[in-house]
Amino acid sequence: MTDILQRQLSPSSDAVDSEVGDETVILHLKSGTYFGLDPVGTRIWGLLKQALSPGDICARLATEYDIDRDVIDADARRFLDQLEAHHMVVDA
Amino acid sequence: MSGELLANAKLGAGETVRWMDPAGPLVISFVAGARPGHYRLRHADEIIVDILHDRQIVTQVRAGLSQTTLDHFLADQVLPRAKAHSGDFVLHAGAVRVDDEAILLMGASGRGKSTLVTSLDSAGLALLGDDAMVISCLDDRPRTKAVYPSLRLLPDSIAALFSESWTTTKVAHYSSKRRIDVPRPNVGSIDSVAIAAIFIIAEPVADAPINLRRMTVPQACITFVENSFALDPSDTSRAADRLAAASALARRVPTFELSYPRDYGQLAKVREHILDRVKTEWPA
Chain U
1 MTDILQRQLS
11 PSSDAVDSEV
21 GDETVILHLK
31 SGTYFGLDPV
41 GTRIWGLLKQ
51 ALSPGDICAR
61 LATEYDIDRD
71 VIDADARRFL
81 DQLEAHHMVV
91 DA
Chain Z
1001 MSGELLANAK
1011 LGAGETVRWM
1021 DPAGPLVISF
1031 VAGARPGHYR
1041 LRHADEIIVD
1051 ILHDRQIVTQ
1061 VRAGLSQTTL
1071 DHFLADQVLP
1081 RAKAHSGDFV
1091 LHAGAVRVDD
1101 EAILLMGASG
1111 RGKSTLVTSL
1121 DSAGLALLGD
1131 DAMVISCLDD
1141 RPRTKAVYPS
1151 LRLLPDSIAA
1161 LFSESWTTTK
1171 VAHYSSKRRI
1181 DVPRPNVGSI
1191 DSVAIAAIFI
1201 IAEPVADAPI
1211 NLRRMTVPQA
1221 CITFVENSFA
1231 LDPSDTSRAA
1241 DRLAAASALA
1251 RRVPTFELSY
1261 PRDYGQLAKV
1271 REHILDRVKT
1281 EWPA
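In order, the protein sequences belong to chains U and Z. Oh and the first sequence: position 68 is 68 in this note's numbering, straight run, nothing missing. Oh and the second sequence: position 203 is 1203 in this note's numbering, straight run, nothing missing.
In case anyone wonders, no lab produced these hints; they're calculated from the structure. There is no bait here: all hints are sound.
Quick list of in silico lysine-lysine cross-link-like pairs, DSBU-like style, CA-CA up to 35 Å:
1. Z:K1083 x Z:K1279
2. Z:K1083 x U:K49
3. Z:K1145 x U:K30
4. U:K49 x U:K30
5. U:K30 x Z:K1083
Counterexamples of contact, computed for chain Z against chain U with all Cβ distances above 10 Å:
6. A1034
7. P1036
8. T1068
9. S1086
10. E1101
11. G1124
12. D1207
13. A1208
14. P1209
15. R1213
16. Q1266
17. A1268
18. K1269
Interface residues of chain Z toward chain U, partial, derived using beta-carbon atoms under 8 Å:
19. V1217
20. I1222
21. V1225
22. R1251
All C-beta atoms, glycine included, are put in the ideal place defined by N, C-alpha and C.
Hey, can you work out the whole structure from these sequences and the hints?
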């Protein structure tokens, strides 16, 4: 199975979002599932909406937050797996 | 509106189900055909209401169905959804007025929303509405107004809350709630009111103390969307608008989860907790 960081993902057309302060709420219309994103999750979601690849997003976050790339990759992988499990993101 | 015999309650040609009420017999479908934007609400085999794109509402009812039941269905299910479809943000909530502001009370069916609203009303806070409230977030102070004025309670709440014998009427044959005909000159006759605070009624827990917990903005936002009316929940564009309105409301109005024992004797203390919190948030 391809590593999710190696794939090209985009927000599902069934997901609508709204920023609440520096956090974001995503609603999946078909399942009625909600997702609350913290500020870092909000940043990743925003970059996905700008059509950046997961790999490019991790590279950018490592620079912005000055965190070791391996840590960023592990956290992003877990986060994107959750989004995909709830159908918030799909293959672009 | 028009009424006529309802011959067949099965889905008609061109109908696609968009939503089924998990707690009742309401089914909403989209009707493809010559008339664009045509939705149909069915209540079992008794009532069909068509909402057309020009906001015209057409009703068909089973022979013998009372006007009272039809009126209740229109007020309870149709009007809030029709308004929501027209762009209003409509919450399933009750509201009372404190000075020049409103307190909203929300909660899943059966959690005591109408009883608490009535208790506040009986204590001198004017009732604004007990079921569907339109929210406008045009500036920093969101405002609210009832879709329709009403006060409907289950018989045990009426017996516990009203010492005088007011006239009551059954709201619909499929509901055990009764409408209370208490003179309330202000209900429905006032403009929208700024919202001071929102209280979400928690699931009752035996022997739980009265407690207020401030909700985070995302928590409040999600709760508002969950308790908002929609004619077509799968409509992406309108869902995004509802989420945006819920987000604006959550950012601007303090929202609390309210836990309390379901004991009529405790309602006065619950009222105190609510009013104290409003005073804390908005000191004079």
